[in-house]
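First residue of the sequence shown? That's 1 in the numbering used here, and the numbers climb one at a time after it.
No lab work stands behind these hints: they were computed from the structure. These numbers come from a predicted model, not from an experiment. Built from N, CA and C at the ideal position, the CB exists for glycine as well. If a hint is listed, it holds; no wrong ones were tucked in.
Using C-beta positions, here's what the derived DEER-type ranges look like:
# : residue 1 : residue 2 : range
1 : Val117    : Asp36     : 41 to 49 Å
2 : Met1      : Asp29     : 35 to 43 Å
3 : Glu118    : Asn37     : 38 to 46 Å
4 : Ser116    : Val38     : 31 to 39 Å
5 : Leu61     : Asp36     : 33 to 41 Å
6 : Asp29     : Gln57     : 35 to 43 Å
7 : Glu118    : Val30     : 39 to 47 Å
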Amino acid sequence: MKEGVRDGLLAVVSFCAVMLAVQSSTLIDVVDIPRDNVLYTILSTVAINGVLLYGYQRDWLVAKLVLSLLFGIHMLASFALVALSMSMNATGNAFVLMTGLLCMAMTLGWYRSAFSVEG
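Modelling step: build the complete structure from the supplied sequences, incorporating the hints.
The structure is reproduced here in structure tokens:
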């Protein structure tokens, strides 16, 4: 397994942790992900990114480019949730803050391994 695939799996799992953290905090009133659709959202995120990471393992350029776009969206969403949780003084927001920072760090790790020059 490539290092980029491992880092990508960690980035996807940490983004799913952010979505679960939002559901368990009071940010759910602000962020509009219905509680009924959380499982479907997480499963579709894992499925779509899993297929793309499989393509990345097979050295498909399209998969790498689409993953770059999706992980950029994940990072921006995590940054927005971190900023929102810092501005609100409510219960459960520390978990959102920590998982959001973890997601940004894992996503940067994927970018580092995906776009590093070898040799």
